[in-house]
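Everything in the sequence shown is counted per my numbering, starting at 1 for the first residue and increasing by one.
To be clear, the hints were calculated from the coordinates, so they are not data collected in a lab.
Note that the structure is predicted; figures quoted are calculated from it, not measured.
For each residue, glycine too, the CB sits at the ideal point set by N, CA and C.
Be a bit skeptical, because a hint or two may be false.
Unchecked claim - Dumping the calculated DSS-like pairs for lysine-lysine here, alpha-carbon to alpha-carbon at most 25 Å: (1) LYS97 <-> LYS341; (2) LYS450 <-> LYS483; (3) LYS195 <-> LYS237; (4) LYS183 <-> LYS439.
Said to hold, decoys possible - Label pairs and their computed distance ranges (CB to CB): (5) SER96 <-> LEU68: 23 to 31 Å; (6) SER88 <-> ASP220: 24 to 32 Å; (7) THR331 <-> ARG369: 12 to 20 Å; (8) LEU368 <-> GLY181: 39 to 47 Å; (9) GLU136 <-> ASP199: 54 to 62 Å; (10) LEU368 <-> PRO404: 20 to 28 Å; (11) ASP300 <-> ASN200: 43 to 51 Å; (12) ASP467 <-> LEU225: 33 to 41 Å; (13) ASP199 <-> SER110: 31 to 39 Å; (14) ASP220 <-> ASN109: 32 to 40 Å; (15) ILE66 <-> GLY330: 51 to 59 Å; (16) GLU285 <-> ASP220: 56 to 64 Å; (17) ASP482 <-> SER203: 32 to 40 Å; (18) LEU68 <-> SER250: 36 to 44 Å.
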Amino acid sequence: MAFFLLKIFIKKRYNMIKFENTIKILVYLSLFLFLIIKCSKNDIDDNEINVVSNIDSESKDSSPEITLSTEINDFIWKGLNQYYYWQSDVSNLADSKATTESEYIALLNSQQNSKEFFEDLLHQEDRFSWIEEDYEVLENQLSGTTASNGMKFQLYVREDGESIIGAVTYVLPESDAFSKGLKRGDIFNSVNNNKLNFDNYVSLLYGEQKTYSIQLVNYDPENDLVTSRDVSVTLNKEENFQEVPVHNTSIIEHGSKKVGYVMYNKFLGTIDSNGDGETDRDFNEELIDLFVYLKNQNLDELVLDLRYNGGGSVNTCTYLASLITGQFTGTIFAKQIWNEKIMAFIEDRNSNDDPSDDLNFDNYFTDLRPDGNPLPSLGLNRLYVLTSNRTASSSELLINGLTPHIDIIQIGLKTVGKNVGSITLYDYTDNDQQIKNSKHKYAMQPIVLKIANSENFADYNYGLEPDIEYREKASNLGTIGDKTEPLLSLALDHISGSSKKKVEVKEFLIPLSEPEIARTQHMLVDRISLKLLEDFKNYN
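Turn these sequences into a full structure, and let the hints steer you where they fit.
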C-alpha cells in the first residue's frame, strides 16, 4: 500500500505542469465558493452588471514604452487596484504605485506576458482568480452554455496507481449522450480505443475535439477487475448546449411521510442567449412553478440534491431559500464583504445626511416573485441537503444562509469551500460600458468579496462538513430519484429514524479532480448600479 501511495505522489508531481488541478489522495480536496458579478450585456442573469475597468489616458502616450502589453497590463492593474479583495495586502497594487507615471509604466512593462503579470499581482491566499485572453471563452464558462455532449462523469485512479476509469454520474436530457442511451453508472476505461492514464486523460476527455468515442466496461470493485462490454459509444458535442437546472423531481411515500426530492444542478436565472436584452428562458419562474407543484403535494420533508451543483446566481439562491421557508420574509439571508476601499466608500456614503443614496449589500428573504406577485413557499423548518466535493458557491451559500434559520441535515461529503467571489472585468474604453478595447479581448475574473450569513459567518473556506458522511461508489451509484440510491436512502432513513447500518461497497478507486473545475463553480451576485461603480472610482 505504501508503494502504491508513493507511485501516486510521484505521478502527481510529474503531471503538475500539465494541468492545474492535481490528484488528491483519498480525499478530494474541496475547492472554492465562487461568487460572480457578471459584467457583459450578454449576461445570463438579470442580476449581473457591467463593470468599467477605469482605463484612462494617463499612461497612454506616444512613448515607445507603451506597447499592447503595457495597455493590457494597465487594464489589469487598475481593475485589481479598484476591486481586488486583497488589494491592501499586495504591495504592487498600492495606490502609490501609480503616482509617478514613469514608475507606473515601468511596473506595467516589468512583465510582457499579461497572464503572468496578472498572476504576479495575486495575493498568496488567492486560489481562485483567473484571466482569459478571449472574454467570449470566459462568458461561456460562466453561463454554462459551452459545447457539451451531455455526459457528466467522475474519473478514478485504480489500485495499480497508473490506469484510470470513468463513471457516468448523470446524463443531460436532450443531449447526444442521452440519445445514445448512456446512463448513470456506466463505466468506461478507454477513449478512442486508448486506455486512460495520467499522460492522456486530459487531452482525450478535456481537449478541443468535438467528437470522441468511449469504450464501456464492467467493473468488479472487490478485485479491482475491469472486463470489456464490447460496447463503444461515439459522443458529439453540441455548441452552446444549455443545461436545465432541475435535473430530477420525485415524490416519495416513505412510511407515514411524504417526501419531495429535487436534484438541482445549477442556480440559473433568466437567459438572454443572443444579448439583445430579451429573455429567452426564465429559470427563476420555472423554479417557482416547481415549488407551486411541491406545495400542492403537502410535503412533510424535502431532500434537495446539490451534489453536482457548482453554483450560480445569488438572486436565484435567495429565491430558493425563500421558497423552502417563507416564514423569514424581510430578514437577512446573506451579506457581502468587499475590500477595504469599497467598504470605506460604503460606510462614508451611508454616513451622509441623505438616506436616499444609502447602500445595502445584504440579500433578504422575500415573499414576492420577480414580477411582484406572491411567491409560494413550503414553510419548512428542516431541509435535507445532499452534497459532494463538487458542491460549491451558491450551493454552499444556500446551506450557510439557511443554517441560522432552520435545521439543515447535510448528507454526503464536505463541500468545496468557495466562500469568496469575483466580478468580470472588461477593458471598456468608455464610461457607458459599450465599447470594449478593440486591440485585445482580455477579461479577468478577480476575487472581490466574501459572503456571510446573517450571523456574519463566512469562514467555510475549507468546506461545510456533512452531518452524515458518505462518498459515492463508482460501482454502486444507483438511480437518481430512486429511494434505494445510496445518498437519498440515507436521508430517508434519517427521516424515518432508522439506524440500520449500511453495507459498504469496497473499492480501490481514488477520485481524480477535474481540470479547471473551479471555472464551473461560481455565484452571480445581485446588481450594483453603474452609477455606484462610477461614484466609487471618483471617490477612490
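Hint-by-hint comparison with the structure:
In summary, the hint linking LYS97 to LYS341 is supported, as the alpha carbons are separated by about 16 Å, within the 25 Å threshold. With a C-alpha separation of about 37 Å, the suggested pairing of LYS450 with LYS483 is violated against the 25 Å cut-off. For the suggested pair LYS195 and LYS237, the alpha carbons sit about 21 Å apart, so the restraint of at most 25 Å is met. About 46 Å separates the Cα atoms of LYS183 and LYS439, which puts this hinted pair outside 25 Å; it is violated.
The supplied range of 23 to 31 Å is met by SER96 and LEU68, whose beta-carbon atoms lie about 26 Å from each other. For SER88 paired with ASP220, a C-beta distance near 56 Å fails the hint of 24 to 32 Å. Taken as a hint, the range 12 to 20 Å holds for the pair THR331 and ARG369, whose Cβ atoms sit roughly 19 Å apart. Taken as a hint, the range 39 to 47 Å holds for the pair LEU368 and GLY181, whose Cβ atoms sit roughly 43 Å apart.
Taken as a hint, the range 54 to 62 Å is violated for the pair GLU136 and ASP199, whose Cβ atoms sit roughly 31 Å apart. Under the hint 20 to 28 Å, the C-beta atoms of LEU368 and PRO404, about 22 Å apart, fit the expected range. For ASP300 paired with ASN200, a C-beta distance near 50 Å keeps the hint of 43 to 51 Å intact. Our hint of 33 to 41 Å for ASP467 and LEU225 holds, since their Cβ atoms are close to 35 Å apart.
Distance hint check: the CB atoms of ASP199 and SER110 are about 36 Å apart, consistent with the given range 31 to 39 Å. ASP220 and ASN109 have their C-beta atoms about 60 Å apart, which leaves the hinted 32 to 40 Å range violated. The hinted range of 51 to 59 Å is satisfied by ILE66 and GLY330, whose Cβ atoms lie roughly 53 Å apart. As the Cβ distance of GLU285 to ASP220 is approximately 47 Å, the hint placing it in 56 to 64 Å is violated.
Taking 32 to 40 Å as the suggested C-beta distance range, the pair ASP482 and SER203 conforms, at roughly 36 Å. With their beta carbons about 55 Å apart, LEU68 and SER250 fall outside the hinted range of 36 to 44 Å.
Violated hints, in rising order: 2, 4, 6, 9, 14, 16, 18; the structure is consistent with all others.
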